[in-house]
Amino acid sequence: MLSDQERAELEKGLAHYEKKKTGCIEALRMVQKFRGWISDECLKDIAQYLDMTPDELDNTATFYSAIYRRPVGRHVISICDSVSCYTVGYRDLLKHISGRLRIKPGETTDDGRFTLLPAACLGVCENAPAIMIDEDVHTGLEPPEKVDPILERYK
Amino acid sequence: MSKPENEQKPLTGNFRADGQPLSLAEYEKTGGYEALRKALQSMSPKEVMEEVKASNLRGRGGAGFPTGQKWSFVPSGEGNPGPKYVVANADEMEPGTFKDRILMENSPHMLIEGMALAAYATGAQEAYIFLRGEYVRSGKALERALGEAYEKNYMGKNIFGQKTAFNLEMRIHMSAGRYMCGEETGLLNSLEGKRAIPRAKPPYPQVTGFLGKPTVVNNVETLCNVPHIIRNGAAWFKGLSRSQDGGTKIYGVSGRVKRPGAWELPMGATIREIFEGHAGGMQDGYKFRGLIPGGASTEFLIEEHLDLPMDFDSLQKAGSRMGTGTMIILDDRTCPVGMQISLQSFFARESCGWCTPCREGLPWIVKTLNSIEDGSGEMEDIDLLLEQARLLAPGHTFCALAPGAAEPLSSGVRYFREDYERHVKERRCPWGNF
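Chains A and B supply the protein sequences, listed in that same order. Note that this note's numbering has the first sequence beginning at 919, numbered continuously upward. Note that this note's numbering has the second sequence beginning at 70, numbered continuously upward.
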């Protein structure tokens, strides 16, 4: 069941579309903000709201990297693995974060605090290497130990 | 009479020193919205289009298509009332590229004004900013700016008063990831709530675009140039440039240089000027080996190319492309095979899977490269890579993603072949990557 708050956001956010399903990516993003990820149950509810079949909505949902169809931790770390970061220390940074949190890209820590995901170029190449945690970009992480106090800020 | 310094940098010259976005009032103090006012009050849509055509503005997203010409394909006249759309391609996701972010974070109204002018010229009454989801700061700056514009009636119904009778609704669409959204027909599918797979062309978006209606899709930097062209004229714009293409260009450098960053310079500044002059050359302890001039999907260039002007035609003649104009440097302490793996893994992951050469070919290339890197590759594998690059060339695939991947691959093997061979001969990565 979609909550009243979720419904209200959807009403407001999709009002300008003639067909609600045109805004299905926005709809998925809005609901994911409340729940962290999109479960099968939740997908069905959103699909019903948008006058789509669940399969039709899942077809779109599974295409997009920022729509999570599996549970994620309280915080998502996206580590840029594109070419500019690669040339200035991405490999050491990945090794450091992986080692410290004991997770590989695609995994979540046992305490559910962090999920680590690979990310395409974050567009801050002048301050590489970079990661994004939730909605915050952190740059210039060389040497990789610079990330340690940053991670501490996310509980 | 020489122009004031900031007029030589129309895009970035008026940025605030603290990196905060210009408010509407601040933007207006620098001449902001004068162009839109001028266009709506004293120019016909056709005159706006002609001015942009005459300016030789070429698309800054990478392909370099003449902007005015692109607009002119939108059906106009009484028989074509609309709806029509203008979309800003703000899905900046080309690896190594960060210029549009700088524009949106610092001067969001410039993009909004450019879009309004594009809408006026093409008869569109609705506009979308297709923004990549990671650009949270840009999103906040644009949202605030758009709110200010609506409040002052610079957006909405009867912009600048009843007389203009010009209406425009503008919205921001935050994307949910995937490089394919930057391809303009993939972008339109995504905006419609579908998978971002490319559409067959023709019909082109200018005729059949968003929801099947005429749509112009332009890059952020392209649109940001439009207000300056309309305010100061096509001749002035052409005068900013050192090449056939009009205007300035935001060039960027990343990698092991002393001062990575972005600079607005006359179109046609040389690679050396940008890389050695502005970026300060290599960091101590690193040697230059090569560069990709304009984002991941352009061909490698080497020492002998450093005096080339960075413009569309000069780099094309040298066998590469200007692309987005933001170069990535390969240094001597980075393994050229490893860098290639980073590039090709990106393309393989971002392939939408719609056509076979791209979906199957790119992962195969990554696999081949990985075996060379870890010392288990054979000499034939190197030629296999070139064969794969050939099979991904334009004409073999549905869109430009895979041909883009083939550009750094074939040129990378060509210029750094000895390094690839050393991996095979020594059965290891000489840079110690494995």
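Among the hints, erroneous ones may be present.
Ranges of calculated distance between the beta carbons of each label pair, as one might list FRET restraints [what the hints assert, rightly or not]: (1) A:D958 <-> B:K221: 26 to 34 Å; (2) B:E373 <-> A:P972: 42 to 50 Å; (3) B:G151 <-> A:D1028: 54 to 62 Å; (4) A:E1070 <-> B:P272: 49 to 57 Å; (5) B:G464 <-> A:D1028: 29 to 37 Å; (6) B:P272 <-> A:R1031: 48 to 56 Å; (7) B:G281 <-> A:P972: 37 to 45 Å.
Honestly, the hints are just simulated from the structure, not real lab data. Note that the coordinates shown come from a computational prediction; the quantities given were computed from them, not determined experimentally. We put the beta carbon where it would ideally sit given N, CA and C, even for glycine.
Using the C-beta atoms of B:G151 and A:D1028, is the stated range 54 to 62 Å upheld? With Cβ atoms ~56 Å apart, the hint holds.
Do the Cβ positions of B:P272 and A:R1031 conform to the proposed distance bound of 48 to 56 Å? Holds, at about 50 Å.
Hint says 29 to 37 Å; check whether the CB-CB distance for B:G464 and A:D1028 agrees. With a Cβ separation near 50 Å, B:G464 and A:D1028 fall outside 29 to 37 Å, so the hint is violated.
Satisfaction of the hinted span 42 to 50 Å by the C-beta atoms belonging to B:E373 and A:P972: violated (57 Å)
So does A:E1070 sit 49 to 57 Å from B:P272, Cβ to Cβ? Since A:E1070 and B:P272 have Cβ atoms about 54 Å apart, the given range 49 to 57 Å holds.
So does B:G281 sit 37 to 45 Å from A:P972, Cβ to Cβ? violated (26 Å)
Go ahead and decide if the range 26 to 34 Å is satisfied by the Cβ distance of A:D958 to B:K221. Violated - the Cβ-Cβ distance for A:D958 and B:K221, about 46 Å, lies outside 26 to 34 Å.
The structure shown violates the earlier hints numbered 1, 2, 5 and 7.
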